[in-house]
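Peer 1: Model the placement of chain B on the given structure of chain A, informed by the hints.
Listed below, chain by chain, are the residues.
There are 2 protein chains.
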Amino acid sequence: MQFDLLATPQIYFGTGKVETLGNLISEFGSKALIVGSESALKVINLEKIFTNQNLEYIRFIAKGEPTIELVDRGVAAGLDYKAEVVVGVGGGSALDAGKAIAGIIKNGGSARDYMDVIGKGLKIIHPALPYIAVPTTAGTGTEVTKNAVIKSPEDGYKASIRSPLLVPKVALIDPTLTLSVPSKITASSGLDALCQLIEAYTSNKSNPVTDALALLGIQKAINSLLVAYEDGTNLNAREDMALAALLSGICLANAGLGAVHGFASPLGGSFPIPHGVVCAALLAGVVEQNILSLKPSKTSLQTLVKYAKMGELVIKKPIKYREDDYQIIIDYLKTLTQKLHTPSLSTYGLKETDFPAIIEKVKKSSSYRYNPVKLDDAALSGILRQAL
Amino acid sequence: MQFDLLATPQIYFGTGKVETLGNLISEFGSKALIVGSESALKVINLEKIFTNQNLEYIRFIAKGEPTIELVDRGVAAGLDYKAEVVVGVGGGSALDAGKAIAGIIKNGGSARDYMDVIGKGLKIIHPALPYIAVPTTAGTGTEVTKNAVIKSPEDGYKASIRSPLLVPKVALIDPTLTLSVPSKITASSGLDALCQLIEAYTSNKSNPVTDALALLGIQKAINSLLVAYEDGTNLNAREDMALAALLSGICLANAGLGAVHGFASPLGGSFPIPHGVVCAALLAGVVEQNILSLKPSKTSLQTLVKYAKMGELVIKKPIKYREDDYQIIIDYLKTLTQKLHTPSLSTYGLKETDFPAIIEKVKKSSSYRYNPVKLDDAALSGILRQAL
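Protein sequence lines correspond, in order, to chains A and B. In terms of my numbering, the first sequence opens at residue 1 and continues consecutively. In terms of my numbering, the second sequence opens at residue 1001 and continues consecutively.
Same shape as in the complex, but just chain A (with noise of 0.2 Å):
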């Protein structure tokens, strides 16, 4: 047994959590820069949270998903303001906005500079400014991991930035902020969750802890995001998810994932596929898949006997880990994603000659080495044939 458990040092997790904010950020100085998109700045009472504080504050809005030059105006903004601590509120893409601006505010230079193939593959070396995140969605479990997404339109191209230095000091996650989710966003959110969680679970570089800590968010998603789904205001169902969400996070962030984020970085670089939805749409195919390629090894039963626990978790009832109880997740990940309404691929122009250029690119990614079982083109032609 063999594992390395990195983790965010402060969670804080309820309803109503949000109002310690002000005392989150004193504890790290004064002067902070609130990283945000639009809509989540406006859940947020910041005038509230500031009142009575001495604390003071800019605003730097995060629109869409971060890009170079995006993080770099966060940076200047930061510098400029001498800010003490950086607070990122908003979904993944606001969160890893601010993630990257901490960083970089203490590394120096362009996030371009600590980006692999189109920069100069610069490491992260100096503590990021102290980092506290606020998700406003149940998804990317980004206020508890090491890396920021981000994005070069010009050149066609997304790269973390990786470091346990970028890890955030704080993870203040109150549930009641999600209760504004538009479903359509609480859908491709939570898909994402489950299959960060599937995926981690299954990983052949999952250990005791990240596996006990996967199944309970495997659980809570399998329970509530559904419910979540179809009624928003659902406390219960957003605390379910806010919490696989979370989960989710510490799970990816010390096992690793699997193909279907192999597939999601060449699928969300060639085509307009948001992530929640190329997980979405690959989950069941890949489940199935692994499943099928798993079969024939005896050494693999372990990671089958996974596949029958969490189908154990959608049945509610002991298993006796026959065959057939490995195809239970696999019929209950196909239902779902219908009951989500889950786009197809070929929506955003994905077609058959593509897939040869994008299986790859899946089998180079750094994702896929974690997938608990090679796949044979076949079987990865299959996972996107199923899901056009």
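To be clear, the hints were calculated from the coordinates, so they are not data collected in a lab. The structure presented is a predicted model; accordingly, all values stated were derived computationally and were not measured. Glycine included, C-beta positions come from ideal geometry on N, C-alpha and C. Please note: incorrect hints may appear among the correct ones.
[As the list claims (entries may be wrong)] Mimicking DSS-like on lysine-lysine, the simulated pairs with C-alpha atoms at most 27 Å apart in a straight line are:
#, chain 1, residue 1, chain 2, residue 2
1, A, Lys361, A, Lys334
2, B, Lys1320, A, Lys317
3, B, Lys1320, A, Lys320
4, B, Lys1123, A, Lys17
5, B, Lys1205, B, Lys1184
6, B, Lys1063, B, Lys1184
7, A, Lys123, B, Lys1031
8, A, Lys317, B, Lys1317
9, A, Lys317, B, Lys1309
[Claimed, not checked] Quick partial rundown of chain B residues pointing at chain A, CB under 10 Å, derived from the structure:
#, residue
10, Val1167
11, Pro1175
12, Lys1220
13, Gly1232
14, Asn1236
15, Glu1239
16, Leu1246
17, Ile1250
Peer 2: Same frame as chain A, now just chain B:
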């Protein structure tokens, strides 16, 4: 659902991990104060670890349970040496000494100032010097907690110095370091870990995350404590127990404990009983009294189910959560403590006439308030009586 999760940001676990200690130290500085018990400093080959690193170090021997005097001498040694990082190596006592030294170096004064009742009850307000904890026993889980227990022999008093700022920066857990632990210590430290896991799991401050981790730890301890006791060279069993101890620390730090630990402080203050022996002697009795006191109340079903779930781990098959199933864990704990040759408390001079004074202190203790149910005096007496 409301919870806080404070965690050591970097946890490294596995056989051979101790060889990375030099690299980990150099993340934080180049001058290390190594605080360790004499036996632990023999187990770890410091010369080898510090070879080829631009690091220097001094050793500071921490013998027995840390006293105010010992901590103050350690602080002076660290200041004099201008240490940039503190490394603790040993069992819970040596690790607590290192933790307190790292904290007080940056906060000034004497350990006494930070203790309640006999001291000034000062608060730790400055971050501790970076502290790396390397346990050589599997028990307290102090490598991931925020408190250090300090003793004042002249006052006959023990108290925790406690602050989130004391949480170690790194926990480096190499189960091979525990291979030479004598069976007696394996038993008492292992029962301490199991007790912490059971109390945190059934604590009224527990949350779904600590529950998942506690249940994993309980499973590991049930599978391996007796094995490690009977054959200390069994690496798998040592790994399981090191993991159980780590998880017990994470769980107690975030979910609190219960009545056993409520007894530990007054018993340990008045009689020369090692902490692990208190846990061993009282655990089965507290679980039994808790279950008896919980049964009449319908609202307590959730906690009773937890006791049944532990039974499931003992018999290794699904159970139906009927009333009889609560008995499985009680019987298991009684048999386990017999097999581990737990000494009775009368060995240390405890007599029935001491009960009333002890019980008054239990009811005021900080751990007892997290016990899942208030126990009446007869129940508390019964627990002590069966341990005599």
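Peer 1: Would you mind marking each hint as holding or not holding in the structure?
Peer 2: How the hints compare with the structure:
At roughly 25 Å between alpha-carbon atoms, A/Lys361 and A/Lys334 fall within 27 Å of each other, so this suggested pair holds. This hinted pair checks out: B/Lys1320 and A/Lys317 have alpha carbons roughly 11 Å apart, not beyond 27 Å. The straight-line distance between the Cα atoms of B/Lys1320 and A/Lys320 is roughly 15 Å, inside the 27 Å bound, and the hint therefore holds. Of the supplied pair hints, the one linking B/Lys1123 and A/Lys17 holds, its CA atoms being roughly 24 Å apart against a limit of 27 Å.
Among the hinted pairs, B/Lys1205 with B/Lys1184 is inconsistent with the structure: their alpha-carbon atoms are about 32 Å apart, more than 27 Å. Under the criterion of a C-alpha separation no larger than 27 Å, the hint pairing B/Lys1063 with B/Lys1184 is consistent with the structure, at around 18 Å. The hinted pair formed by A/Lys123 and B/Lys1031 meets the criterion: a straight-line CA distance of about 24 Å does not exceed 27 Å. About 13 Å separates the Cα atoms of A/Lys317 and B/Lys1317, which keeps this hinted pair within 27 Å; it holds.
A hinted pair counts as satisfied when its Cα atoms are at most 27 Å apart, and A/Lys317 with B/Lys1309 qualifies at roughly 14 Å. Because the smallest distance between the Cβ of B/Val1167 and any Cβ of chain A comes to about 7 Å, under 10 Å, the interface hint for this residue holds. Hint on B/Pro1175 holds. Least Cβ distance to chain A is approximately 8 Å, under the 10 Å limit. A cut of 10 Å between beta carbons decides the hint on B/Lys1220: the least distance to chain A is about 8 Å, and the hint holds.
Using the Cβ-Cβ criterion of 10 Å, the hint placing B/Gly1232 at the interface with chain A is not satisfied: the shortest such distance is roughly 18 Å. At its closest, the beta carbon of B/Asn1236 sits 8 Å from a beta carbon of chain A; the interface hint therefore holds under the 10 Å criterion. For the restraint placing B/Glu1239 at the interface with chain A, the shortest Cβ-Cβ distance is roughly 5 Å, inside the 10 Å limit, so the hint holds. Residue-level restraint check for B/Leu1246 holds (minimum Cβ-Cβ distance to chain A is 8 Å; threshold 10 Å).
Interface restraint check for B/Ile1250: the shortest CB-CB distance to chain A comes to about 9 Å, inside 10 Å, so the restraint holds.
Checked against the numbered hints given earlier, the structure breaks hints 5, 13 and satisfies all the rest.
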